[in-house]
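Q: Required output: the full structure, derived from the provided sequences and hints.
Just so you know, the protein sequences line up as chains A and B, in that order. Each position in the first sequence, counted from 1, maps to that position plus 260 in the working numbering. Each position in the second sequence, counted from 1, maps to that position plus 57 in the working numbering.
Note that these hints are calculated values from the structure, not bench results. Quantities reported herein were computed from a predicted structural model and do not represent experimental measurements. Cβ coordinates follow ideal geometry from the N, Cα and C atoms, glycine included. Hints are supplied without guarantee of correctness; some may be wrong.
[As the list claims (entries may be wrong)] Restricting the straight-line Cα-Cα distance to at most 27 Å, the calculated cross-link-like pairs of lysine-lysine (DSS-like) are:
no., chain 1, residue 1, chain 2, residue 2
1, A, 338, B, 344
2, A, 263, A, 390
3, B, 373, A, 419
[Stated by the list, open to error] Cβ-Cβ distance ranges computed for the label pairs, FRET-style:
no., chain 1, residue 1, chain 2, residue 2, range
4, A, 513, B, 112, 34 to 40 Å
5, A, 379, B, 97, 52 to 58 Å
6, B, 263, A, 276, 53 to 59 Å
7, B, 97, A, 324, 54 to 60 Å
8, A, 324, B, 160, 54 to 60 Å
9, A, 304, B, 371, 26 to 32 Å
10, A, 282, B, 338, 18 to 24 Å
11, B, 169, A, 276, 38 to 44 Å
12, A, 462, B, 155, 41 to 47 Å
13, A, 282, B, 336, 26 to 32 Å
14, B, 159, A, 461, 35 to 41 Å
15, A, 379, B, 159, 50 to 56 Å
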Amino acid sequence: MTKPRVAIHKFSSCDGCQLAFLNAGAALLELAQLVDLVHFAEAGAVQPDAAVDIAFVEGSITTAHEIERIQNIRANSKYLVTIGACATSGGIQALRNGKMQGADWIASVYASPQFISSLDTSTAIAQHVKVDYELWGCPVTSRQVLQLLRDLLFAVRPKVNADPLCLDCKRAGNVCVLVTRGEPCMGPVTRTGCGALCPQFGRACYACFGPSELVNGHALGQRLSGLGLTSADVAKRFLFINAGAEAYAEAAAFTEHKHD
Amino acid sequence: MQAPAQFLARSALQSMIDALAARGYRVIGPQVRDGAIVYADLAQVNDLPQGWRDAQEPSSYRLTHSDNVRCFAWANGPQAIKPHLFAAQEPLWRAIQTDDGFRVEAVEPDVRPLAFIGVRACDLSALALQDRVFLGGPFVDPYYAARGTEMLLIAVHCSHAAATCFCASTGDGPRAGAGFDLALSELEEGFVLEVGSAAGRGIAALLPLTVASAQQIQAAQTQVEAAAQSQTRTLPSRNLRDLLFANLDHPRWDDVAARCLSCGNCTLVCPTCFCHAESEVTALNGKETLHQREWDSCFSAGHGYIHGFQVRPETKHRYRQWLTHKLGSWHEQFGRSGCVGCGRCIAWCPVGIDLTEEAHAITGETGHDE
Ligand code: SF4
Ligand code: SF4
Ligand code: SF4
Ligand code: SF4
Numbered sequence: 261m262t263k264p265r266v267a268i269h270k271f272s273s274c275d276g277c278q279l280a281f282l283n284a285g286a287a288l289l290e291l292a293q294l295v296d297l298v299h300f301a302e303a304g305a306v307q308p309d310a311a312v313d314i315a316f317v318e319g320s321i322t323t324a325h326e327i328e329r330i331q332n333i334r335a336n337s338k339y340l341v342t343i344g345a346c347a348t349s350g351g352i353q354a355l356r357n358g359k360m361q362g363a364d365w366i367a368s369v370y371a372s373p374q375f376i377s378s379l380d381t382s383t384a385i386a387q388h389v390k391v392d393y394e395l396w397g398c399p400v401t402s403r404q405v406l407q408l409l410r411d412l413l414f415a416v417r418p419k420v421n422a423d424p425l426c427l428d429c430k431r432a433g434n435v436c437v438l439v440t441r442g443e444p445c446m447g448p449v450t451r452t453g454c455g456a457l458c459p460q461f462g463r464a465c466y467a468c469f470g471p472s473e474l475v476n477g478h479a480l481g482q483r484l485s486g487l488g489l490t491s492a493d494v495a496k497r498f499l500f501i502n503a504g505a506e507a508y509a510e511a512a513a514f515t516e517h518k519h520d
Numbered sequence: 058m059q060a061p062a063q064f065l066a067r068s069a070l071q072s073m074i075d076a077l078a079a080r081g082y083r084v085i086g087p088q089v090r091d092g093a094i095v096y097a098d099l100a101q102v103n104d105l106p107q108g109w110r111d112a113q114e115p116s117s118y119r120l121t122h123s124d125n126v127r128c129f130a131w132a133n134g135p136q137a138i139k140p141h142l143f144a145a146q147e148p149l150w151r152a153i154q155t156d157d158g159f160r161v162e163a164v165e166p167d168v169r170p171l172a173f174i175g176v177r178a179c180d181l182s183a184l185a186l187q188d189r190v191f192l193g194g195p196f197v198d199p200y201y202a203a204r205g206t207e208m209l210l211i212a213v214h215c216s217h218a219a220a221t222c223f224c225a226s227t228g229d230g231p232r233a234g235a236g237f238d239l240a241l242s243e244l245e246e247g248f249v250l251e252v253g254s255a256a257g258r259g260i261a262a263l264l265p266l267t268v269a270s271a272q273q274i275q276a277a278q279t280q281v282e283a284a285a286q287s288q289t290r291t292l293p294s295r296n297l298r299d300l301l302f303a304n305l306d307h308p309r310w311d312d313v314a315a316r317c318l319s320c321g322n323c324t325l326v327c328p329t330c331f332c333h334a335e336s337e338v339t340a341l342n343g344k345e346t347l348h349q350r351e352w353d354s355c356f357s358a359g360h361g362y363i364h365g366f367q368v369r370p371e372t373k374h375r376y377r378q379w380l381t382h383k384l385g386s387w388h389e390q391f392g393r394s395g396c397v398g399c400g401r402c403i404a405w406c407p408v409g410i411d412l413t414e415e416a417h418a419i420t421g422e423t424g425h426d427e
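A: Below, the structure is given as structure tokens:
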């Protein structure tokens, strides 16, 4: 029996999500037994145009060339899975969308802007091609990618868990930082997946895993205002990592509109 | 048949922890961690929250410290005994592939008997309900039973209720009524001690006790009455089932849904909530899978999902499920309400939704009319 073929592609991103594979330790060796990693540039295998069963895609679309690449990848892949905030919502770089004209923006950052050729927006993969499964997180964890891969190998539909982080936070026995210290925690509107990492270390969640199933951005926004945040600060809490996520963008727009 | 109340000097409190440890118990007691009082392994009297007081309001919990000698002058924190008996996350069994199929291996729970120090009245009432869920009927839960049948409970009658407490109106506190092995009333100089069971008597026999004076007994009585009287929140103690189910279309459900985050904190801090979900954690090689259970909540998607269909798609439906079950259909299921008046769901709700206020608004009952 031939092994399923897997590719891991990179678009505009920091490479952090691919580390979910590289840092998997012994599981990575096991993975190499189960699948053929035909394209994974960070680990040495380079066949970007190969036909595969599963393509993992890290990063957002920020150049015209990337639009072509993602269409090719879609055509060559049975399943396409986005990994991380960039690929799934446009990532931190989506903060620039609609803010400034691209050229002004670039000129304010780069000494020689003529060498830069990018789109005015950073967008999620799903805005360009059909995506079969999305893994949120900044970065995603090894547990997430390996569990999804295992499910696909078994030909079962991967479980999508968009429950709010607070559930995992309470299961972990963390003491709530919002209730005890008035920290502006985004856990109530953020999906589980990280194991409530930030509250475990006494800091507020900043929503890196993206929107939970039922986001009540209005109610949390009001609560954060009550904790002393300005409406601009509340909007930043929603937009920081996943500005392109609709539920967060709506919450931020509502907050700014209401108070400014 | 009550033996005369006895007295344990404050300086002798360590002897209680030592006696429990000597009897083979794993001793669990209150202590301060990350700005809250939590229940964890306790070896030393010094680890108790001496001098700490709490201030609780909707969506707010703060501890302050003074040089007061008391160790139990606070109302319950986010969790107490529930996570130690009904574990938040627990492996149940694993299935392992074999040449001709698979075999199943049980994952055995830790069976060292637990002794809890400082259990409050509300949590004893909640425990009786959890016992019915996990130990009652023909199917006993072996994981809960391993921890919950051999344990020893040392209660403390509440002397300081929080602003969020309303156990007096539900009839569950602040005095611990039943279900304890020993019960303590904390005074400055020490503890008035009551025996509640044979096991409690056995522990009491190991302690350097004296007979409690009439003044000490009176002081203990007075402070628990004061704790009851200080409570301002109320819940009608009568069966609200019919009223709640007659008001399923009340506009208040939309009103509360506009404020509610669907975060589930209320259900996970509630000492009576027992919902759980089970799932598989599959090894990458596909040859082994761990079947595990974890706390679930009526605010999760999975809770309302029935084969291809979500029966509670919106926050409104989920909040309504929480309140109508807790205060309504619990009566059919357990012969009482599912609320023991601990107020945790009020303090630990990130947006401070108050169940007593919602219940009053929806049923029109004030709670003062018993
Ligand atoms: S600390 Fe944050 S994630 Fe945890 S329960 Fe509180 S609000 Fe939710
Ligand atoms: S707690 Fe929030 S910000 Fe921190 S890792 Fe988890 S999802 Fe990301
Ligand atoms: S419903 Fe609220 S007040 Fe009642 S027992 Fe549960 S957490 Fe405590
Ligand atoms: S009532 Fe409060 S704690 Fe409960 S789900 Fe709604 S916001 Fe969360």
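Q: Please go over all the hints and tell whether each is borne out by the structure.
A: Here is how each hint holds up against the structure:
1. Annotation: proposed proximity of residue 338(A) to residue 344(B) holds, straight-line Cα distance about 25 Å (limit 27 Å).
2. For the hint pairing residue 263(A) with residue 390(A), the CA-to-CA distance comes to about 24 Å; that is within 27 Å, so the pair holds.
3. A hinted pair counts as satisfied when its Cα atoms are at most 27 Å apart, and residue 373(B) with residue 419(A) qualifies at roughly 25 Å.
4. Restraint check, residue 513(A) to residue 112(B): a C-beta distance of roughly 36 Å satisfies the suggested window 34 to 40 Å.
5. In this structure the supplied range 52 to 58 Å holds for residue 379(A) paired with residue 97(B), their Cβ-Cβ distance being about 53 Å.
6. Between residue 263(B) and residue 276(A) the beta carbons are some 57 Å apart, a value that agrees with the proposed interval 53 to 59 Å.
7. Distance hint check: the CB atoms of residue 97(B) and residue 324(A) are about 57 Å apart, consistent with the given range 54 to 60 Å.
8. Between residue 324(A) and residue 160(B) the beta carbon distance is about 56 Å. The supplied range of 54 to 60 Å therefore holds.
9. Range check, residue 304(A) to residue 371(B): Cβ separation about 49 Å, and the 26 to 32 Å hint is violated.
10. For residue 282(A) and residue 338(B), the hinted distance range of 18 to 24 Å is satisfied, since their beta carbons lie about 22 Å from each other.
11. Judged by the Cβ atoms, the range 38 to 44 Å given for residue 169(B) and residue 276(A) holds: they are separated by roughly 42 Å.
12. Take residue 462(A) and residue 155(B): their Cβ atoms lie about 46 Å apart, and the range 41 to 47 Å holds.
13. A beta carbon spacing of about 27 Å between residue 282(A) and residue 336(B) agrees with the range 26 to 32 Å that was offered as a hint.
14. Between residue 159(B) and residue 461(A) the beta carbons are some 39 Å apart, a value that agrees with the proposed interval 35 to 41 Å.
15. In this structure the hint that residue 379(A) and residue 159(B) lie 50 to 56 Å apart at CB holds, the actual value being about 51 Å.
Violated hint for the displayed structure: number 9, the only one.
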